[in-house]
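Mind docking chain V on chain P? Use the hints.
Chains P and V, in that order, are what the protein sequence lines are. With UniProt numbering as the guide, the letters of the first sequence map in order to residues 1 to 917. With UniProt numbering as the guide, the letters of the second sequence map in order to residues 1 to 917.
Some hints here could point you the wrong way.
A pair holds if it fits inside one copy or across any two, identical chains being indistinguishable in the list.
Listed next, the in silico DSSO-like pairs over lysine-lysine satisfying Cα-Cα at most 30 Å (straight line) [stated by the list, open to error]:
no.	residue 1	residue 2
1	133	862
2	417	82
3	143	412
4	384	138
5	417	143
6	850	151
7	850	417
8	417	851
9	618	869
10	384	843
11	851	528
12	192	137
13	843	419
FYI, nobody ran anything at the bench for these hints, they're computed from the structure.
Protein chains: 2
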Amino acid sequence: MHFRDNKRKVDYVLAYHYRKRVCQHQPGSGSPEPPHRSASSAIVSNGETGKSCLEQQQQSSGEHESPGQLGLSPLDALEEEKRVQRKEYERNLMEAGLEIEKDLENKSQGLSFVRIHAPWHVLSREAELLKIKMPTKKMYEIKEEGGILMKLSEIWFRLTEPLQPQVPQDNTKMKSLSYPFSREKMYLYNIKDKDTFFDNATRSRIVREILKRTPTNSRNSMGISTLIANNVYDAAYPLHDGEYEDQNGEMNERKLLYQEWARYGVFYKFQPIDLIRKYFGEKIGLYFAWLGLYTEFLIPSSVVGVIVFFYGCITIESDIPSKEMCDQHNAFTMCPLCDKFCDYWNLSSACAMARASHLFDNPATVFFSIFMALWATMFLEQWKRLQMRLSYFWDLTGLEEEEHPRPEYETKLLQKKLKTKNTTENANEDEKEKLTWRDRMPGYLANFSLILFMIMLTFSAVLGVMVYRITTAAALSFSTNETTRSNVRVTVTATAVIINLVVILILDEIYGAVAKWLTEIEVPKTEKTFEERLILKAFLLKFVNSYAPIFYVAFFKGRFVGRPGRYLYVFDGYRMEEARGCLMELCIQLSIIMLGKQLIQNNLFEIGIPKLKKLFRKLKDERTEPKEINTNQSKDPQQWDLDYSLEPFTGLTPEYMEMIIQFGFVTLFVASFPLAPLFALLNNIIEVRLDAKKFVTELRRPDTVRAKDIGIWYNILSSIGKLSVIINAFVISVTSDFIPRLMYQYAYSQNGTMHGFINHTLSYFNVSHLKAGTQPENSPFAQDVLFCRFKDYREPPWSPNPYEFSRQYWAVLSARLAFVILFQNLVMFLSVLVDWMIPDIPKDISEQIKKEKSVLVDFFLKEEHEKLKLTESFITRDKHRPQSGIKGQRIRAASFCHFSQSQKGSLASFSSRHTEV
Amino acid sequence: MHFRDNKRKVDYVLAYHYRKRVCQHQPGSGSPEPPHRSASSAIVSNGETGKSCLEQQQQSSGEHESPGQLGLSPLDALEEEKRVQRKEYERNLMEAGLEIEKDLENKSQGLSFVRIHAPWHVLSREAELLKIKMPTKKMYEIKEEGGILMKLSEIWFRLTEPLQPQVPQDNTKMKSLSYPFSREKMYLYNIKDKDTFFDNATRSRIVREILKRTPTNSRNSMGISTLIANNVYDAAYPLHDGEYEDQNGEMNERKLLYQEWARYGVFYKFQPIDLIRKYFGEKIGLYFAWLGLYTEFLIPSSVVGVIVFFYGCITIESDIPSKEMCDQHNAFTMCPLCDKFCDYWNLSSACAMARASHLFDNPATVFFSIFMALWATMFLEQWKRLQMRLSYFWDLTGLEEEEHPRPEYETKLLQKKLKTKNTTENANEDEKEKLTWRDRMPGYLANFSLILFMIMLTFSAVLGVMVYRITTAAALSFSTNETTRSNVRVTVTATAVIINLVVILILDEIYGAVAKWLTEIEVPKTEKTFEERLILKAFLLKFVNSYAPIFYVAFFKGRFVGRPGRYLYVFDGYRMEEARGCLMELCIQLSIIMLGKQLIQNNLFEIGIPKLKKLFRKLKDERTEPKEINTNQSKDPQQWDLDYSLEPFTGLTPEYMEMIIQFGFVTLFVASFPLAPLFALLNNIIEVRLDAKKFVTELRRPDTVRAKDIGIWYNILSSIGKLSVIINAFVISVTSDFIPRLMYQYAYSQNGTMHGFINHTLSYFNVSHLKAGTQPENSPFAQDVLFCRFKDYREPPWSPNPYEFSRQYWAVLSARLAFVILFQNLVMFLSVLVDWMIPDIPKDISEQIKKEKSVLVDFFLKEEHEKLKLTESFITRDKHRPQSGIKGQRIRAASFCHFSQSQKGSLASFSSRHTEV
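One chain only, chain P, in its complex shape (with noise of 0.2 Å):
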């Protein structure tokens, strides 16, 4: 964790590797290495690096020749290059203020590591330029609600006490003013050993916007990422805190982190969450207090789905449409469901699927729709209010986000002026610098037609899985075998559910890179609008990849099949697919395909593949480095040598990616399948400890990013919960039989009970009608039957315009549709009402960044009200001398500070005198 002298601690690390070329010395050039010294011995350097071989050969002849003259081979000439990179770019890194220490480089290749500390002037320049908020001495109280409001939060406190994490708290109730760091102001801030005044992740974060903003000479690049894109090094990355798991040694927050945070053990705490900003930064924090947010929202609603879904199964016994299904005395003979091969049915046949329907589709789930619509709505509100609450207590208002453009987009911008340069010379050179529409044009036209390209892949593979369900159905029934044809349907569904998911889980990683690949072709500008435009990108492909299959199922299977008679054919023979029951199938589907992504893609995924590459990495290494032998590494290895091998961290956006397409399982179709909330509970409960553990345990420490929100994510969110409305209203009123329930109790039953409604839903058809060719064949009752019935609302055959649709048909849309509209208005309305109750930002802490800011004026008041004293007593001793050359000028003494509110919370800020006279 320090470098050789224990004194200076390691800040960042960066890791490469390194190829020599033997070296043949030549006698009496530059001292060769004293043999005396251990292997794993390195150079301490504040200036002084290893000499290379070729360097070595530079000085003896006495003369600079480029590597390419003294007849290197390509790949060595390359690695020469590396080389001089490095070199320069690390003593750059020493002009700014950094100190260094490298491994000696001896072996003829091998892993090498720069381990750099940032001594305290530079900390704190750094600090000063980064704005970086740090508490001052003055703490103040945070004004807690009293009455009975305070008791019950310590009420609450005292009954969670089991579930809070373990973790040394500072004073909850008293918070210390913060303001940026300003070294002019030193003494304001609270500073007992300037080695541990800026935590580890400060430090860190302050040596990477160096890394950063550092160039190389040679090649006009600049920072450290381009020279990781270049090979130049293999890896930056700052150091963990030590060890997590080693029960003996002494505690640091990463152990703590890991003991009462990131295990399966610990599940059901609460989350340390101001231990995981101050370990990991406040992006990664406020991550993790969404997510934590999020599963502790999904508590009351997955209780509300097992109650409505238990509601279902009490009901179950007293659900007449259900019962009359099974009753074997109302004999319903139905219309054959394939052409030819398929007999008439008795729908009591049906009856274990109408009873399994009866569990999702009863009138608790229109309850449950609405009551989800506003959980969504509730959701956001709290999450804006926490979000206030944190951005609160960690300071991060007035926090203004930088931008910095992207190197790709600088690489553009210079290629365009020369472009420009070479071909006219007297355009204006102030007008060219930035890229304009046509310069971007030809990126977005790439974007628009590759994303639609996807958007219709993911269709047509929807439409390659319906196609291969009717084919199937329809080669199955063939068979001759029994048990076969009667499991016709289960083996379908079963089997093209099974294909959906597959072509979802691999679509899925395409679109990824897809949209990464899109993001990067249309150049934007800054860090901050290329993660947005990523994340749009992969959310539509994603988005659509992952509910195209499921709005197929509720919206337009089984809606177009035609009737008896005059079917609708895919293709000569292959009739389109009917639809038994849609809300139950389209639950299958659901529950499968959430079920199946969360469980491969999430879990499996995310534990394997990242064992799975590491393996993959460790193996590539054995394989380049097999004849030294890894004394270094197997005596005792050092805290960069484990950081080293663990994952880099590659960003949140995967993590919030998968929240979010659960977030729209629980909600968009939530009528449907009331027990997602619990599955998605149980799952995040899991969810929140893997990231844990993968944070924790299996990656590189992250660098510490600030953020004040989520950014991009919180109006995707915010979209899906407004979609949810309109897509709950339609399954409802047309996935599921609720409308048609509700209109044959109020308008067409006799006596206002459902007896008859199964008999109402269906139509009557003359089976002399059926197409020559299309009876059933081998149908032991063929004789018996004259009519048949299918389900739908047509015309009897014996009306005057038989199966033309009937007037119940017109009225039942009519009812559906009018429910959609009061659904979705009386819905958003009542979100709008939500919204506009609960305030943006929580009462209290309003109050407390009104009161800061008073306290701050105050402070500084003070501080400069003392100085000023100190002054004057300076000054008067001054005036006791004669001031001929002065005179008549007043001496003003007096300090003037003039405090100038921000207008939206942000912080009141002024610079004030330091006359140490």
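Below, chain V without anything else, positioned relative to chain P:
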């Protein structure tokens, strides 16, 4: 305009009426008035005010006795009490640094003025306290867009040159950097003349602030508003800049505003918004800017509206349904419109109505209502942008609105405190600092119940008018006069609409008062919340009031008629009214209410009522002072006399309310009346000048109020915009014939044309099914009629279910509802898209704001640097002297400015040092 010394400017005027007791001058008492003084002369006071008779007595008697003891009449005592309060208040004002000039109270009763002047030291102190942004010396160029855009804007400017008001403009390409005024940094500002550095509006604002917070000791009351409420003063107002009419006098801003803005003659010109803002303050400036933008936006919409109307006119000849209706050959014998007295009638007699209907009820209206929904979104977006632009140019960015509790709130709080103290001594004082839910409960309850009652009242008014229509129609149809009977419909409709209009106008006035009273009951804490709640309540009541009859006509009238043979009766014998040409009636209703409201309420009331009030006041004044000869007024009236005779300014709420209700007419039912935007435009062109004229010529100068936005009005506008989508969807689908026509053309018509549509929409009724006693009496062709027709989709008498809703009915209903869903979601989606595509802050403004920040930093750094140099030179001189005492301590002369930029568009704020050694 000035004090008697002709130097000090009058910044504010207080006016009061006085009554003097007739003093019995005792011999030897305080100096009687010197007779050589002119009657109009005044005592220029700074400390010395005219002594009242009472004081003279007191002085003479040598002791202070209370007025009561002296045996004054109660009226006199009150008068005396007021005088004491005035004296005290004026003394306090003088203590605050204001200078005062008073007229001599030389009559037994009359009007007297207190003129107030704020000297420089008061102005500068208050400007610093109020953080008024003042221009600094630094100017910077506003970067303009280059290339084609610049040329376009130049062309635009040249084209509109005659439309630009001829107002002297500052250099529009340069903007001087503004910074909150600070006396310490006086050197930063461009102070040429201390008398004109703060313009009149700012000066009066400052004085107003002092007037507001200066207490009178006696009654624990705060500020001028309480004093005016208690009639201690009659009025308090800043002075206008001078006469607006005299031709030869020198130019002043008021005259300029009158000439270039507040005349009907310049109706075609743009408004000089910057001048308006300068003269009336930001709040009024924003109102006129908003009104201007709204009026401009009405131009395209009224053009499109007129085109839609003309499309109707042109296509009227080719409209098959109305042709069919007018065709005498198609003899549709319609069922009688009332029982017994009405005869069968031929549909072709309603030909004119059908043709007129087509003007408004054609496919183009669907397009137009989509257009108007997007128009509304676009308007709101553009307003956001304009507001942002104005707040940049008016230096409102970073403006923090301060929240002073209202006097009423404080009084209530005081009462509560006293009460609490009386009952329980041990109550925690801290917690009682605000009014709790319990204290407010009665107010809220009263609010809720009264608002509910008011809404009920509106509905019952609508109901009353409906009943009036039914009964009158019935009564008139008994009439034996043929012409009366033939004009029943016209008479009834016209009178009913006029009654509606009158009811609306009366209730509007009542509701305005009720809303105000209700809000006062609520005791909101700050002026801002008071205004917001008042507006919300007034808007709710007036909205319901204005639109209830229109809603009735659009969605309810004629929908619950029943059918021939089974009509719905309101009372015995009075059938529910039928609707013929729904959209047409809606259109009539809408246009009459809209036009009537605009003409009568807005213009007549706005012009007439102030005139009446003025007349009334004049009469009253003359009546109360009949005996005195008005020598003062007749001679040479001063500006304060002139201004006193004007109306006081009472807030912008009525102006906004009027426009917002109009916005509702323009957007909510635009589908039924495409000419609404045109009428609104015509009204607004007058309205702008009318308001302008009112402000410039008829009102006392309003206090300038700063505001960064139009506040809650924006939310109301945006809600109306959202509501308009769903209402228009229903108007098109339910009220208009659009959907049935479409359905007929594509589903029922034999040949895809509209031929036969009329026949299709009419159901058959077997005349023999008419109930006994309801058959038409005295019908000439009662014998020939077997079937009569009525407009509905019902089964014919010969079907198995006679007179039930037919299949077509339900099919059309489904189509209507489907259209609502489609329309609503499509338009909402488009609106969101428009909202998302237009950035809220114009790009150039956001760039300018960024630039301003950096310019500000540079500017101050430079200023500091120059001072630093000066300081250093002194220090160098200082160093030559021996400094044994403070040796070892460095003089850090460098100025350290710390710039912290707040997060959102707010100004970088800081303070700098001023060491003038």
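- Intra- versus inter-copy proximity for residue 843 and residue 384 (alpha-carbon distance at most 30 Å): both (13 Å within a copy, 27 Å between copies)
- Item | Same-copy or cross-copy closeness of residue 133 to residue 862 [CA-CA at most 30 Å] | For residue 133 and residue 862, the Cα distance is within 30 Å both inside one copy (20 Å) and across copies (27 Å).
- Identical-chain pair category, residue 417 with residue 82, by Cα at 30 Å: Classified as within: same-chain Cα gap 28 Å, cross-chain 78 Å, threshold 30 Å.
- Query: How would you label the pair residue 384, residue 138 (within, between, both, or neither) given a Cα cut-off of 30 Å?
  - Reply: within (29 Å within a copy, 41 Å between copies)
- Task: With 30 Å as the alpha-carbon cut-off, assign the pair residue 192 and residue 137 to within, between, both or neither.
- Result: Within one copy only: 11 Å inside a chain, 45 Å across chains, cut-off 30 Å.
- Message: If the cut is 30 Å between Cα atoms, do residue 851 and residue 528 qualify within a copy, between copies, both or neither?
- Response: between (32 Å within a copy, 21 Å between copies)
- Within, between, both or neither, where residue 843 and residue 419 count as close if Cα-Cα is 30 Å or less: between (57 Å within a copy, 27 Å between copies)
- Checking residue 143 and residue 412: alpha-carbon separation at most 30 Å within a copy, between copies, both or neither? The answer is between: 25 Å across copies meets 30 Å, while 53 Å in one copy does not.
- At most 30 Å between C-alpha atoms: does residue 417 with residue 143 qualify within a copy, between copies, both, or neither? between (57 Å within a copy, 22 Å between copies)
- Using 30 Å as the alpha carbon limit, work out where residue 417 and residue 851 are close: within a copy, between copies, both or neither. Classified as between: cross-chain Cα gap 24 Å, same-chain 51 Å, threshold 30 Å.
- Task: Have a look at residue 850 and residue 151 and pick one of within, between, both or neither, based on CA distance no larger than 30 Å.
- Result: within (25 Å within a copy, 48 Å between copies)
- Should residue 850 paired with residue 417 be assigned to within, between, both, or neither, using CA atoms and 30 Å as the limit? Only across copies: residue 850 and residue 417 sit 25 Å apart there, 49 Å inside one copy, limit 30 Å.
Of the numbered hints stated above, the single one contradicted by the structure is hint 9.
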